[in-house]
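> Each chain is listed here by its residues.
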Amino acid sequence: MNILELLQPQSILIPLSGNDKVGVISSLIDGLAAAGSVTDKELYKNAVLTRETTGSTGIGFGVAIPHGKSAGVTRPGLAFAKLASPVDWDSLDGEPVKAVFMIAVPESAAGNEHLQILIALSRKLIDSEFRDKLMAVSDSEALTSLLATI
Amino acid sequence: MKKLLAVTACPTGVAHTYMAAESLAKAAKEKDISIKVETRGAVGVENELTEQEIAEAHAIIVAADTDVLESRFAGKPVVRVPVAQAIKNPAGLLEEALNMQPAPSADLGKQVEELKKQRSATRSGPYKHLMTGVSNMLPLVVAGGLLIALSFVFGIHAFEQKGTLAAALMNIGSGAAFALMVPILSGFIAFSIAEKPGLAPGLIGGMLASSTGAGFLGGILSGFLAGYVALALKKYIKLPRNLEGLKPILLIPLVASGITGLMMIYVIGKPVSHLMTALTDWLTGLGTTNAILLGLLLGAMMAFDMGGPVNKAAYTFAVGLLGNHVYGPMAAVMAAGMTPPLGLWLATLIAKKKFTKEERDAGKAASVLGISFITEGAIPFAAGDPFRVIPSIIVGSAVTGSLSMAFGATLQAPHGGIFVLPIPHAVGHVGLYALAIAIGMVVTALMLSVLKKPVAQL
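Line by line, the protein sequences give chains A and B. Adding 1 to a residue's 1-based position in the first sequence gives its number in my numbering. Adding 28 to a residue's 1-based position in the second sequence gives its number in my numbering.
You may find that some hints are simply not true.
Derived DSBU-like pairs (lysine-lysine); straight-line CA-CA distance at most 35 Å [as the list claims (entries may be wrong)]:
1) B:64 with A:125
2) B:380 with B:480
3) B:156 with A:134
4) A:125 with B:59
5) B:381 with A:46
6) B:64 with A:134
7) B:275 with A:134
8) A:46 with B:54
9) A:134 with B:54
10) A:134 with B:381
11) A:99 with B:116
12) B:116 with A:125
13) A:46 with A:134
14) B:59 with B:145
15) A:42 with B:275
16) B:224 with A:125
17) B:145 with B:30
18) B:145 with B:263
19) B:262 with B:340
20) B:156 with B:104
21) A:125 with B:31
22) B:224 with A:46
23) B:64 with B:104
24) A:125 with B:263
25) B:104 with A:125
26) A:125 with B:30
27) B:138 with B:224
28) A:134 with B:31
29) B:144 with B:481
30) B:275 with A:125
31) B:480 with B:381
32) B:262 with A:125
33) B:262 with B:30
34) B:54 with B:145
35) A:99 with B:59
36) A:134 with B:57
37) B:481 with B:266
Which bits of chain B does chain A cover? Going by a derived footprint, with three or more residues having C-beta under 8 Å, they are [stated by the list, open to error]:
38) 36-42
39) 49-56
40) 64-72
Please keep in mind that the hints were generated in silico from the structure rather than gathered at the bench. For glycine and all other residues, C-beta sits at the position ideal for the given N, C-alpha and C.
Same shape as in the complex, but just chain A (with noise of 0.2 Å):
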């Protein structure tokens, strides 16, 4: 298992172009369900939408991760977007944002290895260098190899 079996080719979005967060984040969801991974899209975008609401998941440095754990996850999925126009999402650092992952768990994921890949890409996204990798990324191609080397 690899970080690319979780990210699928329905689920990566270069360029998309949505106008707010809650567009961006529907359209991420369409790409997760047309994967597979998501099965009922207003059940986890109900997780993803509350999780928002205790805190931004904007981290800062033009990077959103929108999140959530729910029943309507049958498996692990990633979903990428990278915005053809900036979106304001109240982000750590008051940035607008450019590059978005999505990740869906499902309810019922417990110490797994897929979890362990999602970390691993969370830990990666505070590295300045990677970041800029992401940013410069123009097709899914690009994407793909620079997760590989996670």
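With chain A held as given, fit chain B onto it using these hints.
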């Protein structure tokens, strides 16, 4: 060089916990600050802070939106922020933590509280694991024992009538709470050894200890067995990276439970169950002389180190027996555990000249600790004058323990001090039981007033 510690946690436990940890570690590296970060996320606790590290740390950063067992950090300066703060401004947090001042502390109640904490903090190895099991089992024993006692309010045999409230109370207490005792004891011993992967095999081993009649002795064995087997599997089995995910969820529970279970059924269960039966029979048919000797021993053990390992050994023995419906040793142990602080309090009253003003004040606090069955209340006195205080309290407690056994006093609950006495049927022979405690107090106080030198000569 000042050492910092940090804990990060968030509700989902896949993203912010780890980004916060990474941010702090990165910022600390840039500033050349020593830091260790514990993460509490969806895959459990990783990089856990040890008691020693906490003791040595200058300050602790808690960047969390969920509970992180903060009681561990009592007495340490803590910088508490939401998890996002550690991602946004790690450098500022480190700065703030470095500028924290160590907190001071103070009175007997607090002092004893600190002592107890320190003691549990310095517990290590098998003793710590056993105590983790016992402390998680205790609430079940309290609930079970007292509910059984309450069912006796309707008459000693009232629970035999099906459908009555007495039968329901008996069912909750004996059928459920007591039945969970040994599995929980075993499960949490294993949990303490191997964390989450140890819990299931430990619970299963404990359940088998119960059903094979191996009782709490079997439960202790199964807990250690399950814990060390799970730990060994966790450490020594290396799977290819692709299959590593199967280890905690499939391999360890299956193999550790299988090994523990088979050992319990084919190897450990039978002999321990014979031992348990023999012990129970011996204890229930105890003649007066043996009862007095057992009480003497348990009582002396309770006072010997006032809450230390010897005290806890006697205590664990008595609590475990409750599960087999043997209630005499529990009564002796609690009485003997209450006597030391109470005896010291009495001594400060009858031999005023032999105690300083501070000790006399502390005596009042000790009396409160004594009636609450907190033997540790005697420690501050014992620490100041061990060779006179410790023998006095050992003799007093031994007398109390043997009297309690001789009177046939019983106790259904493993704790509660004087406060369980009014609960109907919780204590058998209440009057004589109180007398046993009072006599032990007097013995301790008299010995102290003879042995202790007047304050000026000390």
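> Next, verify each hint and record whether it holds.
Status of the hints after comparison with the structure:
| no. | hint | in the structure |
| --- | --- | --- |
| 1 | B:64 with A:125 | 18 Å, holds |
| 2 | B:380 with B:480 | 11 Å, holds |
| 3 | B:156 with A:134 | 48 Å, violated |
| 4 | A:125 with B:59 | 20 Å, holds |
| 5 | B:381 with A:46 | 75 Å, violated |
| 6 | B:64 with A:134 | 28 Å, holds |
| 7 | B:275 with A:134 | 34 Å, holds |
| 8 | A:46 with B:54 | 33 Å, holds |
| 9 | A:134 with B:54 | 19 Å, holds |
| 10 | A:134 with B:381 | 80 Å, violated |
| 11 | A:99 with B:116 | 18 Å, holds |
| 12 | B:116 with A:125 | 16 Å, holds |
| 13 | A:46 with A:134 | 29 Å, holds |
| 14 | B:59 with B:145 | 34 Å, holds |
| 15 | A:42 with B:275 | 31 Å, holds |
| 16 | B:224 with A:125 | 27 Å, holds |
| 17 | B:145 with B:30 | 24 Å, holds |
| 18 | B:145 with B:263 | 30 Å, holds |
| 19 | B:262 with B:340 | 30 Å, holds |
| 20 | B:156 with B:104 | 22 Å, holds |
| 21 | A:125 with B:31 | 25 Å, holds |
| 22 | B:224 with A:46 | 31 Å, holds |
| 23 | B:64 with B:104 | 16 Å, holds |
| 24 | A:125 with B:263 | 26 Å, holds |
| 25 | B:104 with A:125 | 31 Å, holds |
| 26 | A:125 with B:30 | 28 Å, holds |
| 27 | B:138 with B:224 | 33 Å, holds |
| 28 | A:134 with B:31 | 34 Å, holds |
| 29 | B:144 with B:481 | 29 Å, holds |
| 30 | B:275 with A:125 | 24 Å, holds |
| 31 | B:480 with B:381 | 10 Å, holds |
| 32 | B:262 with A:125 | 26 Å, holds |
| 33 | B:262 with B:30 | 33 Å, holds |
| 34 | B:54 with B:145 | 33 Å, holds |
| 35 | A:99 with B:59 | 30 Å, holds |
| 36 | A:134 with B:57 | 22 Å, holds |
| 37 | B:481 with B:266 | 65 Å, violated |
| 38 | 36-42 | holds (count 3) |
| 39 | 49-56 | holds (count 4) |
| 40 | 64-72 | holds (count 4) |
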